[in-house]
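Participant: Sequence:
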Amino acid sequence: MTGSKTDEEIKRFEQILDQNQIPGVEITKATDYLYQLNPKEPLFAKGWEKDFPLTVMAVTHGNEVGGIGVLNRFIELLSEGLFTLPYPMMLGLGNTAASRENCRYLDRDLNRSFAMSQPDDTRESLRARDLEPFLKHTAFFLDIHQTIEPTERPFFIFPYRPEGYEFARGIADDIPIVTHWGKGFSADGACTDEYVNRSGGVGISVELGQKGFDPYQESLGLNLVLAACKTVKRKLEGSFVPVQKPKDDVYTWAHVIPFPEGSAGLDEGWYNFKTVRRGERLGYVGDDEIKAPVEGPIMFPKYRRQESGGQTPKEICRILKRVSENELGKT
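Numbering (the numbering used here), first residue to last: 1 to 331.
These are calculated hints, taken from the structure and not from any lab test.
We put the beta carbon where it would ideally sit given N, CA and C, even for glycine.
Be aware that one or more of the hints could be misleading.
Below, a list of computed lysine-lysine pairs in the BS3-like style, where the Cα atoms sit at most 25 Å apart [what the hints assert, rightly or not]: (1) 233 to 245; (2) 321 to 247; (3) 183 to 330; (4) 291 to 274; (5) 245 to 321; (6) 247 to 136; (7) 274 to 136; (8) 50 to 235; (9) 314 to 29; (10) 235 to 247; (11) 235 to 245; (12) 235 to 136; (13) 183 to 136; (14) 247 to 230; (15) 29 to 40; (16) 183 to 247; (17) 40 to 230; (18) 233 to 136; (19) 40 to 235; (20) 136 to 29; (21) 40 to 233; (22) 183 to 314; (23) 314 to 291; (24) 233 to 247; (25) 50 to 29; (26) 46 to 321; (27) 330 to 245; (28) 40 to 136.
Simulated restraints, written as ranges between beta carbons of each label pair [said to hold, decoys possible]: (29) 15 to 241: 38 to 48 Å; (30) 20 to 331: 24 to 34 Å; (31) 215 to 262: 34 to 44 Å; (32) 46 to 216: 35 to 45 Å; (33) 46 to 4: 17 to 27 Å; (34) 324 to 163: 15 to 25 Å; (35) 102 to 248: 36 to 46 Å; (36) 181 to 248: 15 to 25 Å.
Turn these sequences into a full structure, and let the hints steer you where they fit.
Facilitator: Dropping the structure here:
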């Protein structure tokens, strides 16, 4: 059922854009599943440094299919004239090949495949090289993700930069922010948002909820895309005012727990933002218990059954801690 629904949604995405069915917008196919949308009468004369003020992408992880529905609902609003595109933007689907197989990736994680020092010829590495020239030319970037396990709430997640933090708060100040600085999220290669940041743009990601098609998540995602469009518009016209009030739901990593070798696993029932107490059991390695070294909300709990090809995850989970705005970006 998921497969046929996924195929349907991918076809809908392509059909409207391939047939240039959005009034007042010239649509160009940049590469597979990535389209440039240029309003014939933009609200602004060109006043931005990058070719595209905004890019929105989904299914960077193939089985996080809810983002396809979000983009299709946005495209429908444009097609019906219910939202006017004020400036050029790009819309894209990252890993449709993995989406059709209902898996996170085929050969390697696409979201760890950008700006690789030694790129290989895996399908995801080739796809990353396909997308890089276009992501390099976007000023603001929003990547729509979903979590493997359930999450108590949606959340933004991105490498910390003041501009990204400001962008996320401008889009939705009532959504928690998980951010990190220093080392990259992964040693394998850059994530999409990290790559955009390295290229001089502002990249952030949002996790809507547990992977799959879900009407609530589609509505939430659509609102976030519309808010991103309006936030970038305010940036371009010089009317953007950063949120001034302190934010108390900002988090970073307190601890990353590697997945142990041998017979090991995470106990069932852990989900994103569920709080673990220091010393509480998280899982097992052989006959021993894995206990939480610190207290805090769990992030990205991983089970072997959910990894592509049955591979052992690199991490068992991350544990978060709250941070003040004064601590952001500091060692």
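Participant: Hints numbered earlier in the text: which of these fail when held up against the supplied structure?
Facilitator: Violated: hints 6, 7, 9, 26, 30, 33.
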